[in-house]
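Participant: What follows is each chain in one-letter form.
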Amino acid sequence: MASLVHRNITQAIPDAVRITRLNRTFDGRRVIEGLDLSIAAGEFVVLLGASGCGKSTLLRILGDLDRDFDGEVEVPARRAVAFQAPRLMPWKKVWRNVTLGLPRADRQLAERALAEVGLSHRADVWPKVLSGGEAQRASLARALVREPELLLLDEPFAALDALTRIKAQALVAELWQRHGCAVLLVTHDVEEAALLADRVLVMKDGVIAHEHRIDLPRPRDVADPAIARLRGRFLDWLGVHH
Amino acid sequence: MTLMTPFRPAPDLVRLRPAGTRHGAARGLRRAIGPVLLLALWQLASMTGVLPAEVLAAPSTVVGSAAGLIGTGELQAAIAVSLQRVLAGLAIGGGIGVLLAVTAGLTRLGEDLVDAPMQMLRTVPNVALIPLLIIWLGIGEAPKIALIALATAFPLYINVYAGIRGVDQTLVEAARTLGMGRAALVRHVILPGALPNALVGFRYALGVAWLALVFGEQINATAGIGYLMATAREFFQTDVIVVCLVVYALLGLAVDFIVRLLERSLLAWRPSFTGT
Ligand SMILES: Nc1ncnc2c1ncn2[C@@H]1O[C@H](COP(=O)(O)OP(=O)(O)OP(=O)(O)O)[C@@H](O)[C@H]1O
Ligand SMILES: [Mg+2]
Chain A
1 MASLVHRNIT QAIPDAVRIT RLNRTFDGRR VIEGLDLSIA AGEFVVLLGA
51 SGCGKSTLLR ILGDLDRDFD GEVEVPARRA VAFQAPRLMP WKKVWRNVTL
101 GLPRADRQLA ERALAEVGLS HRADVWPKVL SGGEAQRASL ARALVREPEL
151 LLLDEPFAAL DALTRIKAQA LVAELWQRHG CAVLLVTHDV EEAALLADRV
201 LVMKDGVIAH EHRIDLPRPR DVADPAIARL RGRFLDWLGV HH
Chain B
1001 MTLMTPFRPA PDLVRLRPAG TRHGAARGLR RAIGPVLLLA LWQLASMTGV
1051 LPAEVLAAPS TVVGSAAGLI GTGELQAAIA VSLQRVLAGL AIGGGIGVLL
1101 AVTAGLTRLG EDLVDAPMQM LRTVPNVALI PLLIIWLGIG EAPKIALIAL
1151 ATAFPLYINV YAGIRGVDQT LVEAARTLGM GRAALVRHVI LPGALPNALV
1201 GFRYALGVAW LALVFGEQIN ATAGIGYLMA TAREFFQTDV IVVCLVVYAL
1251 LGLAVDFIVR LLERSLLAWR PSFTGT
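These protein sequences, in sequence, are chains A and B.
Numbering of the first sequence is given in this note's numbering, commencing with residue 1 and proceeding in unit increments.
Numbering of the second sequence is given in this note's numbering, commencing with residue 1001 and proceeding in unit increments.
Check each hint, because a few of them may be wrong.
[Stated by the list, open to error] Which chain A residues face chain B? A few, computed with CB under 7 Å, are given here: (1) 41; (2) 67; (3) 69; (4) 76; (5) 77.
[Stated by the list, open to error] Chain B is nowhere near these chain A residues, computed Cβ spacing over 10 Å in every case: (6) 51; (7) 56; (8) 78; (9) 89; (10) 92; (11) 104; (12) 109; (13) 167; (14) 175; (15) 204; (16) 224; (17) 238.
None of these hints come from the bench; they were simulated from the model.
Just so it is clear, CB atoms sit at the ideal spot from N, CA and C, and this is done for glycine as well.
Take these sequences, add in the hints, and give me the full structure.
Facilitator: As structure tokens, this is what we get:
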């Protein structure tokens, strides 16, 4: 019964992303081939897939960084991207990096955003002196300060140590709940997918090959046997035999 | 604790437009529009008498004179002589500039010894050295080539040096951790890293080489484009002067094309901003 009610609710939620028959080729090699996908407003979607299957390509298209595709793609006007490398401009102080692209370099706004990611004390340093985790959080603050309706994250935690990664995941979950934006997160970490996602997608051969909705309550616990089961299932889909 | 995705206001969606296939030919055509328009205006001004022939010959006259000069072989001979001067000057000046830049860029000692004098000398206008060059080297080919060498050495020095010092420190560290020796570091990391800057310097050096050539060929030349131009001036032949100017422009264009090709092949590794 509960699932029926839930389905009705999801149907009522408007879309934040609509993709139909998307194709992308690189020099004649088809990387994305007839991909369809919708993401609901405020939904947290995690995208898994083998290395080189086209996840970053899809994300770049949604971020309007790549226009050499064909097909229909609709995304919110307000969107933000955070990459695996923080990509902070080395020649601007951290807080100025956060306000990049905003109509005005609003120091208070930057400080609020940095406070959200626990970086208030680093507002006035040069990006190059930040640690990896700090730089990644600054990049997250920069993405969120523009109140996106769609947040695109390409392996944002991949280069972080395990402890920092756990904290960063919790931070993203918390920020997502507060800001309520739709999120598309690319990762290789199946556990991360099980912990964070409303819905997990597995990309293969240029399309979404598998899809799974997760209705577990949050915050989720790694020790939960349900999480472990999901983990196993995702690994199966990825062709990893464990 | 949230159980499911809460209600959200509908975001305003925008369609992302694929960038239709851009044709190289169309782009090339677009680049030609400016010069062609300028030529048309010039011809029109000449034909209507707004631009008298004593001031500036019409494009049609210029084409005729060019055909004449090519027919007698004069133009080719002049270009060959001038081209030789530029190449010789560039080889000498460029060689010295790059050598000094590498010396100053790679070692602190080199920096201390080389950089300060170079930075001082570079502010001296090359043209101001012509009298000295004549006293030292006479009025033959030597002062002309020396002037070009001087003019090209500095832009190459400055850009190659800046390129070497601008190499990403994190890459240098990575190379160190790979156990690269000094020579390998220079060959595989520092010089390729400095290449984008070096090519900027090269492009600039080529530009000033032509400029130096024009000045150099005023020194008692008996051949070359500058000589052709000086003779034309004596007889108020504005058409020949324009032919020479066009030759300078075309040579500059050809050289620019070569540098573009070089950049495309040497910097293929660099996905860079290509304009919007
Ligand atoms: N600019 C490009 N030119 C040519 N091929 C490209 C380009 N960008 C991506 N590709 C190719 O497209 C395929 C998909 O790349 P993409 O970066 O989307 O993979 P991915 O799924 O993000 O992989 P990973 O998980 O390793 O990051 C790869 O085979 C890649 O080599
Ligand atoms: Mg990727």
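Participant: Give me the numbers of the hints this structure contradicts, sorted from smallest to largest.
Facilitator: Per hint list: single violation, 8.
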